[in-house]
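With UniProt numbering as the guide, the letters of the sequence shown map in order to residues 1 to 271.
Fair warning: there could be bad hints in the mix.
As the list claims (entries may be wrong) - Cut-off 20 angstroms, straight-line C-alpha distance, at most; resulting in silico cross-link-like pairs (PhoX-like, lysine-lysine):
| id | residue 1 | residue 2 |
| --- | --- | --- |
| 1 | K76 | K176 |
| 2 | K147 | K180 |
| 3 | K76 | K53 |
| 4 | K180 | K133 |
| 5 | K167 | K180 |
| 6 | K133 | K264 |
| 7 | K147 | K186 |
| 8 | K66 | K167 |
If you are wondering where the hints come from, they were derived from the structure by calculation, not from laboratory data.
Please read these numbers as outputs of a predicted model, since none were measured by experiment.
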Amino acid sequence: MNPARSTAEKALDLFRPNGNVQYACKGSPDPAREPVRDSRLKKERDAKIAVRKRDQERKKLDVIGKKEARERGVWKFDEKQARFDLFVPLHALWMDYMSELLGLPPKPATEPSSEAAAKAMPHTSGMHPKLLKADFHGSIMTVSQSKNPCIVGLSGIVIHETENAFKVITRENKVKLLPKLNQVFKFALPLYATLPSSHNVNTPFVVETLSAPTVVAPSAANTSEAAPLPLPTRTVLDQPHIEFELYGNQFRFRSADRAGRKFKHKETIEL
Numbered sequence: 001m002n003p004a005r006s007t008a009e010k011a012l013d014l015f016r017p018n019g020n021v022q023y024a025c026k027g028s029p030d031p032a033r034e035p036v037r038d039s040r041l042k043k044e045r046d047a048k049i050a051v052r053k054r055d056q057e058r059k060k061l062d063v064i065g066k067k068e069a070r071e072r073g074v075w076k077f078d079e080k081q082a083r084f085d086l087f088v089p090l091h092a093l094w095m096d097y098m099s100e101l102l103g104l105p106p107k108p109a110t111e112p113s114s115e116a117a118a119k120a121m122p123h124t125s126g127m128h129p130k131l132l133k134a135d136f137h138g139s140i141m142t143v144s145q146s147k148n149p150c151i152v153g154l155s156g157i158v159i160h161e162t163e164n165a166f167k168v169i170t171r172e173n174k175v176k177l178l179p180k181l182n183q184v185f186k187f188a189l190p191l192y193a194t195l196p197s198s199h200n201v202n203t204p205f206v207v208e209t210l211s212a213p214t215v216v217a218p219s220a221a222n223t224s225e226a227a228p229l230p231l232p233t234r235t236v237l238d239q240p241h242i243e244f245e246l247y248g249n250q251f252r253f254r255s256a257d258r259a260g261r262k263f264k265h266k267e268t269i270e271l
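All chains should be built: construct the whole structure from the sequences, respecting the hints.
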């Protein structure tokens, strides 16, 4: 810069388009970084608007959130109802559901031999996509492999499935929480359909919850109180069945989220 130039000319050079202006002042805007900042702020603002809109829609439908559900004790389980036999009808309903979902063949009139059962085995390749999106409430889930050896072999009927765990009730009438992380589960499907041959998809199917007619106990005859009736105890493990393995690390989704999710095939899966 020519020292003979006036101060006004030197100041004009700073405001020219080609002037070498350095944004070194603290807090001064940098045009090169402003678009990134605007994009980040816009994403945060859009996310807050989406959450607010979702909360408003939930209030309109009278749907409570997870926090409110925990405060109200919606997911708390009554220990008096923790009986395995009370959930066997739910397991029977699940077997009927899987029979219709997978299109299992009807059970023959006579007891099938091992060779006939092997021939009736359906192709599992066509069952995998349906099983990934199926509901497992009512299934019997067993821990086959785990980094925690204390829970290997633990089995029970699934009464509640979350994103990260299965809540089951065991045959010992104990409620257990089985985490999906670092676990390999095993579950069984009936080889033959449990639905009656006369069942039609257009007609509702009534699940029999009692295995005997109503009987009045002798001690309760005067009070007209019926004695507790035995519930069905036959499960999928008591009949010809197919066993599958389920890797918990790749199954950490809610049942509702799995219905619309696309799973990618993986060659190897580690525990």
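Q. Which hints from the list above does the structure break, by number from lowest to highest?
A. Hint 3 contradicted; others consistent.
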